[in-house]
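Q: Okay, here's what each chain looks like letter by letter:
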Amino acid sequence: MSEQALRFMQSVKDKADRGELLYVGESPARVDGLEKVMGSPVYTADLLPRDTAYAKLFLSPVPHGVIKEIDASAALTSRRVIAVLTWRDIPGLNESAAVLPDRQLYASTVVRSTADIVGAVVAETQQAAADGARSVKVVCDPLPAVFDPLEALKPGSVRVHPGGNVARQMRIRKGDIERGFSEADVIIENTYRTQFQDAAPMETEMGFALPSRDGAVTVIGSMQSPHHTRAAVAKVLGLPLEKVRVVQAFTGGAFGPKSDETPYDVCATAALASTKLGRPVFCSLDREESMVVHTKRHPFIIRHRTGALFDGRLTAGEVEMVSDAGAYASLGVYVLGRATFHAMGAYEFPNVKVDSYLVYTNNTYAGSLRGFGGPQAAFAIECQMEELARKLNMDPLELRLKNMLRDGKRTATGAPVESCGLPQCVDRVVRSSRYLERREEYRGQAGSVRRGLGMAFLIHGNSLGPEGNDYGAVILEIKRDGTVVAGTGLTEYGTGAVSGLLQVAASVLGVPLERFRLDRPDTSRHRETGPTVASRTVVIGGNAAKVAAEKLRKRLGLVAADIMKVREERVAVVDGMALDTAGEAPPVPWSTLVQEAYSRGVKMWEEGYFMAPPAPWDTETGLGTPYLQYTWGALILGVEVDMETGCYRVTDVHVAYDVGRAVNPSGIMGQIYGGTVQGLGYATMEELIHRDGYIVNPSLTDYYIPTSLDIPEEFKAYIVEEPGPLGPFGAKVIAEPPIVLPAPAVRNAILDATGVSVNELPIAPEKVLKGLRGR
Amino acid sequence: MSKHFVVMTINGEEKGFYVDSTDRLIDVLRERFGLKSVKEGCGTGDCGLCAVLLDGRLVNSCLVLAPQCGGKAVVTLEGLLQDPIMANLQAKFLKHNAAQCGFCTPAMLLAAKQILDRLPTPTREEVASAISGVLCRCTGYYPIIEAILDASREAEAAP
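Each protein sequence line maps, in turn, to chains A and B. Numbering-wise, the working numbering puts 639 at position 639 of the first sequence, and it's gapless, one number per residue. Every position in the second sequence, counted from 1, becomes a number in the working numbering once 1000 is added.
Bound conformation, chain A alone (with noise of 0.2 Å):
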């Protein structure tokens, strides 16, 4: 054999030798990569019917109110309106809610926030559509309404909800804190506060709806939840699930809102206009619209009290959280749980009390975003870690490496921690940020502008946990081209996670990625697969598609042993091939051994089911595992702020996560990345301002988000592998978990350079300012 041939043999036995792991660890382009760069017409708005009418949606003039009259006469005097569409042309149920059932889909009597939706204009064109609905006049007698969450909780508040104003409320009892409290040596309180935040993915919300002959309706949106929108067309329209069918368009963006309560606005919009008019109905929310009606990160007002030795152990945490929920509840009932048992960050707390409350105001509601009230959590803990080496005089990396989580502490619900990869995500970023060099430089620095370097450390409970039955399933099948074809009610709108799916399902079957295609999630198609959100394509969905995989690899792995008249523990398949270990056999191609299979009838499809294991805590004292696994992290970032305007930049960062096993490292890093800057724009910029119950900057003009220009000159990122019991191969969850610490490091990192504390989101150079003259 020529040496060439040999070194061909030798790759292609290590890579048998890798076994299930073919392919994990490499990159490969993401299998809906080509369509993108292309510009295909694959969004909703592309794809719409030639017939098509649209519908633009009408919301509350008041924060609270109660609805005298719906005056839509100068929209219809218009030729191009179609319809109006308000509470009373509702079939079914009126409820457009995702946990609660606490929202109306067009509120009936009582308004509770500008966000409310009233009713819909349905027109020929868009622009009718738009002006029909500007010109509706919604008549309401206002109500006294309440905007401050602290406010909300006081006895006597204005009621939003009948049943009060508390829409959840959760606890963690641990240990027991007073003792805590009377061992410590030093006591430090303080009350943090986080603000509105918008997802403001690039594509907002939209849908249209098909009518068919015999009652049935098709719905084609922008969403992450087919499922759950199914279920919610459906309750709107009083059909059964079966004559709704809901597929998932390209989605240009999520981080959230869509997997909340506003896709189910547009869809069911869409479909009780094209069921009524019997034509096809595009229902879409414009910048403003999206940014006024969709969900938002809750502001949170947490309050710290904690205890601690001189030498930096800690012995007591105690912590208030107080969500605003806005007018409903959404996914928000979640949203607490997570703040709730994050609230310690990841640190170990011998003693802990934590009060979690969900509460309704008349703001515009708040719900699912990206980290989902861990970014809260997070920037409170470790503000208050940073205040506690401050009050020590101990270096805050010291402080935080003293009390660290790692294997075979306990977390705050007394869970023991396991596959912590924590220190070796702190050891990568200290040296990759040269953080005990740049302390010494920063010593003693004086003029008008001054460096300091900020941290946070991170712990990010895995999937759903204790937000519902943890499940995915996924389809696979084998095409007689040797095509593989991928179903799944699991989505794909950015992450990249559903080719991390697939690329599980590769290595398990020996064929790569590029033969993958993914069919359009479907609800007639693929069956319920709970909601794709918290990170968990990979790791549930991941596991799902390996058990597919593996059934077909077991059957194609017996006609190849066959073909090859091999025992069938000796065939490898590698990269479309399948070989024998033994090297004795000819290899047989995978389009041979597809057609051979084909022609045997073998089943060349295979549906792919996966449940976690229960995620079982307390509800009384919280205490238990609420997540079977956590992802790890650190991040240490530069600052340099001009003492004399409070302005500042952020110069270098450095980040390193604990991911369990790379399954696409690319993907990976790109999570890294645009969570990071996602991140920062909340730490820095980012700010839905409410004004009596009105936001007013719902624009991207008056609403910033980083641009390429506001991005850190350096970005180092590591991925450190320190396997968990839950995803496939070890794998452990990355797309949130990137959000949540910049915005405490740049806290500490200000801090740090010029002795200003401060304790609200964003940092706006004008609250630098005005700590650097309060000095």
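Don't read these hints as lab results, they were simulated from the structure. Just so we're clear, the structure is a prediction, and the values are computed from it rather than from any experiment. Some hints here could point you the wrong way.
[Unchecked claim] What the simulated footprint calls covered on chain A by chain B, stretch by stretch (three residues with Cβ under 8 Å from a Cβ of chain B suffice, anywhere in the stretch; the number is not a length):
id : stretch
1  : 660-670
2  : 702-714
[As the list claims (entries may be wrong)] Facing chain B, according to a computed beta carbon distance under 10 Å, are these residues of chain A, among others:
id : residue
3  : 127
4  : 551
5  : 696
6  : 699
Note that the Cβ used here is the ideal one computed from N, Cα and C, for glycine as well.
Starting from the structure of chain A, add chain B where the hints point.
A: The following block gives chain B in isolation, referenced to the frame of chain A:
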């Protein structure tokens, strides 16, 4: 509302058609000519997703009225699918995972093409500046900048 007859070049082909005085260029391109790579993200000129090349300059087509475009040449991504620089950029976007949700990708590719036409070997700062009019919420921009720099390096290496 008055009607205007406009003659303009769209992706290399001369087209003559009637428009209303308030018709936006983006709607003409998307609805009349089916050029769906032109995306709408805000309608206020902030996000840049509707960027097209108008006489070689990158402009937001949501802020341009169609009657203003008489005698001008418009190029969208669909018009550059045979262009070697664009093909190279597309390959590099795939390689660097620079298209995540993909909604900003056509505009980003046009911004990239424009900078490479002007400066075959731009610096990192020049690339960041060239794409600063197009917002992306997924990538944090790093993979996009990397892809464009990679494409420029390859162009430089070619004879």
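Q: Next step is simple, just say for each hint if it's right about the structure.
A: Status of the hints after comparison with the structure:
no. : hint    : in the structure
1   : 660-670 : holds (count 4)
2   : 702-714 : holds (count 6)
3   : 127     : holds (9 Å)
4   : 551     : violated (30 Å)
5   : 696     : violated (16 Å)
6   : 699     : holds (6 Å)
The structure fails hints 4 and 5 (numbered hints given earlier, in ascending order).
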